[in-house]
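In case you want the letters, here they are:
2 protein chains.
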Amino acid sequence: MNIAVVGLGLIGGSFCKALKKNTFHHIMGIDTNREAVSKALECGAIDEEITPGRLGEANLTIICLYPHAIVNFVKEYAQFFKKGSIVIDSCGIKEFVVNECTPVLDEQGVIFVGTHPMAGREFSGFDYSQEDLFKGASFIITPTENTPQIAVDLLQTLAGSVGFGKAVVSTPQKHDEVIAYTSQLAHVVSNAYVKSPVMLNYDGFSAGSFQDLTRVAKLNEYMWSELFMCNKTALLNEINCILEHITEYRDAIVNNDTEKLTEILRDGRVLKEKSIEIYNK
Amino acid sequence: MNIAVVGLGLIGGSFCKALKKNTFHHIMGIDTNREAVSKALECGAIDEEITPGRLGEANLTIICLYPHAIVNFVKEYAQFFKKGSIVIDSCGIKEFVVNECTPVLDEQGVIFVGTHPMAGREFSGFDYSQEDLFKGASFIITPTENTPQIAVDLLQTLAGSVGFGKAVVSTPQKHDEVIAYTSQLAHVVSNAYVKSPVMLNYDGFSAGSFQDLTRVAKLNEYMWSELFMCNKTALLNEINCILEHITEYRDAIVNNDTEKLTEILRDGRVLKEKSIEIYNK
Numbered sequence: 001m002n003i004a005v006v007g008l009g010l011i012g013g014s015f016c017k018a019l020k021k022n023t024f025h026h027i028m029g030i031d032t033n034r035e036a037v038s039k040a041l042e043c044g045a046i047d048e049e050i051t052p053g054r055l056g057e058a059n060l061t062i063i064c065l066y067p068h069a070i071v072n073f074v075k076e077y078a079q080f081f082k083k084g085s086i087v088i089d090s091c092g093i094k095e096f097v098v099n100e101c102t103p104v105l106d107e108q109g110v111i112f113v114g115t116h117p118m119a120g121r122e123f124s125g126f127d128y129s130q131e132d133l134f135k136g137a138s139f140i141i142t143p144t145e146n147t148p149q150i151a152v153d154l155l156q157t158l159a160g161s162v163g164f165g166k167a168v169v170s171t172p173q174k175h176d177e178v179i180a181y182t183s184q185l186a187h188v189v190s191n192a193y194v195k196s197p198v199m200l201n202y203d204g205f206s207a208g209s210f211q212d213l214t215r216v217a218k219l220n221e222y223m224w225s226e227l228f229m230c231n232k233t234a235l236l237n238e239i240n241c242i243l244e245h246i247t248e249y250r251d252a253i254v255n256n257d258t259e260k261l262t263e264i265l266r267d268g269r270v271l272k273e274k275s276i277e278i279y280n281k
Numbered sequence: 001m002n003i004a005v006v007g008l009g010l011i012g013g014s015f016c017k018a019l020k021k022n023t024f025h026h027i028m029g030i031d032t033n034r035e036a037v038s039k040a041l042e043c044g045a046i047d048e049e050i051t052p053g054r055l056g057e058a059n060l061t062i063i064c065l066y067p068h069a070i071v072n073f074v075k076e077y078a079q080f081f082k083k084g085s086i087v088i089d090s091c092g093i094k095e096f097v098v099n100e101c102t103p104v105l106d107e108q109g110v111i112f113v114g115t116h117p118m119a120g121r122e123f124s125g126f127d128y129s130q131e132d133l134f135k136g137a138s139f140i141i142t143p144t145e146n147t148p149q150i151a152v153d154l155l156q157t158l159a160g161s162v163g164f165g166k167a168v169v170s171t172p173q174k175h176d177e178v179i180a181y182t183s184q185l186a187h188v189v190s191n192a193y194v195k196s197p198v199m200l201n202y203d204g205f206s207a208g209s210f211q212d213l214t215r216v217a218k219l220n221e222y223m224w225s226e227l228f229m230c231n232k233t234a235l236l237n238e239i240n241c242i243l244e245h246i247t248e249y250r251d252a253i254v255n256n257d258t259e260k261l262t263e264i265l266r267d268g269r270v271l272k273e274k275s276i277e278i279y280n281k
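So the sequences go chain by chain: A and B.
Our numbering puts the first residue of the first sequence at 1, with every later residue one more than the last.
Our numbering puts the first residue of the second sequence at 1, with every later residue one more than the last.
No lab work stands behind these hints, which were simulated from the structure alone.
Where is the CB? At the ideal position from N, CA and C, for every residue including glycine.
Accuracy of the hints is not assured; some may be wrong.
Cβ-Cβ distance ranges computed for the label pairs, FRET-style [unchecked claim]:
(1) B:D132 x A:T144: 32 to 40 Å
(2) B:I276 x A:D251: 28 to 36 Å
(3) A:T157 x B:Q130: 40 to 48 Å
(4) A:Y222 x B:K75: 32 to 40 Å
(5) A:D132 x B:F24: 43 to 51 Å
(6) A:E263 x B:T157: 41 to 49 Å
(7) A:K166 x B:Q149: 21 to 29 Å
(8) A:N33 x B:K260: 54 to 62 Å
(9) A:D251 x B:C43: 29 to 37 Å
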């Protein structure tokens, strides 16, 4: 089939490369960045460049832009998509995008499905895209009650063929709640962690734990601030939750309450062990 | 020379194995745990078991116990150590241990030096000890102004021969301040991170960032609560610092201040990049 990929950055570029490597679909690229398009054509990541006017030729369109840009693109070109075709996005929040795009495309007889390939790198742009970026990762699909099952089936199948380790079906709401915890909070905490006065003065004292905690501090501030703002409620719940818990340790230390401190450390250790047991990793 | 190792747990056991593998020193073990002693003898990690009464035969004693147990051991057996010999410890905080042990041993003509092998595992006990546990790690040495240089030289040399990547000389105070940040805070934050209601309900949504942030949540609560309590001031400074910064992100989100949010995320990203530049890793 014909697959249009809109946005040839890290994720879009990786989709193109993974699709070309693992499937025999025809890949059509769209990007306002001339350099990305040239490189994608040159290395064979896309078969051709198209303008939005030719979106009607695509059976599937994968939009790899930031949340607001996805919504703007869909609204601007709604009438160009092929009737009965599927349009998916790949950004890190789902409720906002699904709520905005679904009715607009539904009116045109086009099926919008929010999806989230849970993969990334600390670099952006086509140059860093990889044909195996999705290898073993989760592909989250967030249909609504009106999404035809066949669209979900197609996306699951496609996810498997480009290397994802599993396809998880969820709701946009559940996705955003969980992602606020497993991904967004991690970026907030890691980015806050590096702000100690000791940060540029720890030479020789670097521990594995420190490297773990600060790895994702190196983030794209434009993308993440937009993702955070699109998921305010869930993220604020998580931020408040960790602030409350960190404060508990602080209070136990201030009060010289070793027993309490040991107890709350044990609670955390047990929870981590339980999660390892449940998820077996 | 004769080296006594007191406490044959993860760190003590690893010291014995690394010393036996890489040097021709005679290793004498002390532990109240009979099983650990048997296993250490059996696998050749120690040449013999000794009682504290024979500490006078050791040119170097490495005490691998928790902070208060180190101090108690030193006070109880002070008169048994060999005059002119060196006694070091290996726990994760230095000012408390150095302040308590130095005068007691000084009176006996014995040189106490606080040291900290920056290595560990998420498991405890001799069974998990490894001859290459220290490979590439930092060995922190915290002499006071009265420590003879030759003792520091000996310890640096020994650190190199058992596989440490570098030996860093610091003061007990500086050590504790930096370690509060690079290690202790990481354990507090990671242990707090797992306490979200979402923790046991994230299947399929696990991200690399989440795994990083929660790895060290699986900690030994007895050891860490003792380490935290022995380093109250420095750790509380760090906890308050990260609480303040996480609150900044929260407030920017609550106030819909995307510009501010982007700015503080950028600050963190730039700091992380600077640290990568400085430390070249």
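Hint-by-hint comparison with the structure:
no.	hint	in the structure
1	B:D132 x A:T144: 32 to 40 Å	54 Å, violated
2	B:I276 x A:D251: 28 to 36 Å	34 Å, holds
3	A:T157 x B:Q130: 40 to 48 Å	45 Å, holds
4	A:Y222 x B:K75: 32 to 40 Å	58 Å, violated
5	A:D132 x B:F24: 43 to 51 Å	48 Å, holds
6	A:E263 x B:T157: 41 to 49 Å	43 Å, holds
7	A:K166 x B:Q149: 21 to 29 Å	59 Å, violated
8	A:N33 x B:K260: 54 to 62 Å	28 Å, violated
9	A:D251 x B:C43: 29 to 37 Å	45 Å, violated
Hint violations for this structure: numbers 1, 4, 7, 8, 9, all remaining hints satisfied.
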